[in-house]
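Student: Protein chains in written order, with this note's numbering: chain A, 1 to 142; chain B, 1 to 138.
Some hints could be false.
[Stated by the list, open to error] Distance condition first, Cα-Cα at most 25 Å in a straight line; then the derived BS3-like pairs of lysine-lysine:
1. K139/A <-> K31/B
2. K30/B <-> K28/A
3. K30/B <-> K139/A
4. K85/B <-> K139/A
5. K113/B <-> K25/A
6. K4/A <-> K85/B
7. K130/A <-> K30/B
8. K24/A <-> K113/B
9. K130/A <-> K31/B
10. K141/A <-> K113/B
11. K141/A <-> K85/B
None of these hints come from the bench; they were simulated from the model.
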Amino acid sequence: MPEKHFYFSVGAVVGSAVCAVIAKKRHKLRETSRFFQWLYRREPHWFLYCPVIIFLVGMWGLIPDVIHFFGWLPKEQTRTWLFDIFFFHSIFEHIENTMPAVDAYLNFIGQLLLAIICLGLMLFYTRQVKKAIIGFNHKSKR
Amino acid sequence: MSDYLTGAGHFGFGFLVGYIISALMLVTMKKNLSVRLYSPFLPFFIGVLASLPYFFIDRFTCDVPSGLNIFLFYSLLHCQTLAIKFLGDIHVVVVVCGFLYVTVIMYYINFIKRVRRCGWNRYVRTTKQSLKRSAPRA
């Protein structure tokens, strides 16, 4: 099957997209949404913890494998159409059976996506540090 | 488990070594902003360097040229039983590297919070002050 990291990486890409949308709209949402107002009051640095979403959405793709691991359902059932909600699990399983070459490519793409997301996240944090330094220098000059 | 160390195992070993170097750099060179910003990238680069030959040479043999030891002891580790025992299982590598990655992210989050509150070299200054305070009086 496409390895577990492939499903996780697909989820991580979706999670990153969600984070990007939140990043763009968070200032608007602060004015309109009570939840975001509460969040800012509770933890002003909440956005730094936002990448947890990437992990959680990534784990969504691993649910069929977890079900397998604990033996709650047999493989035949986790390959039914219903399990496509976990990032097209049964479609990718079908690809594995019929096109092994594509399967190898998918695994490679999964590794690449994970590496890009991991390093991209760290670059995001370094950018935040630089912004914070500039912001602090402005604040201390005033 | 296979008879040789897989690419993930080599990467895991490199990641561990890089993490230790990065942690040492953060402790010894904390006045240097570049070190504090970019040294957490080191585990990735060393990890990739350690697993690089895996993609280009025959991975199923233990007869690896000794010149490849420049890639973080690649030929030494490739069929080393102890290394295979600890890093041969990909799940162990994923858990270890994942845990270390989370600590790197937590380091960044705490660093950003501190910089927003009191500037990036505040920690260094406080350490000096506290050292002065704790120094024995003549």
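Student: Work down the list of hints and note, for each, if the structure agrees.
Tutor: For each hint, the structure was consulted:
no.: 1; hint: K139/A <-> K31/B; verdict: 21 Å, holds
no.: 2; hint: K30/B <-> K28/A; verdict: 37 Å, violated
no.: 3; hint: K30/B <-> K139/A; verdict: 23 Å, holds
no.: 4; hint: K85/B <-> K139/A; verdict: 54 Å, violated
no.: 5; hint: K113/B <-> K25/A; verdict: 22 Å, holds
no.: 6; hint: K4/A <-> K85/B; verdict: 22 Å, holds
no.: 7; hint: K130/A <-> K30/B; verdict: 16 Å, holds
no.: 8; hint: K24/A <-> K113/B; verdict: 21 Å, holds
no.: 9; hint: K130/A <-> K31/B; verdict: 15 Å, holds
no.: 10; hint: K141/A <-> K113/B; verdict: 19 Å, holds
no.: 11; hint: K141/A <-> K85/B; verdict: 57 Å, violated
Hints 2, 4 and 11 from the list above are not met by this structure, while the remaining hints are.
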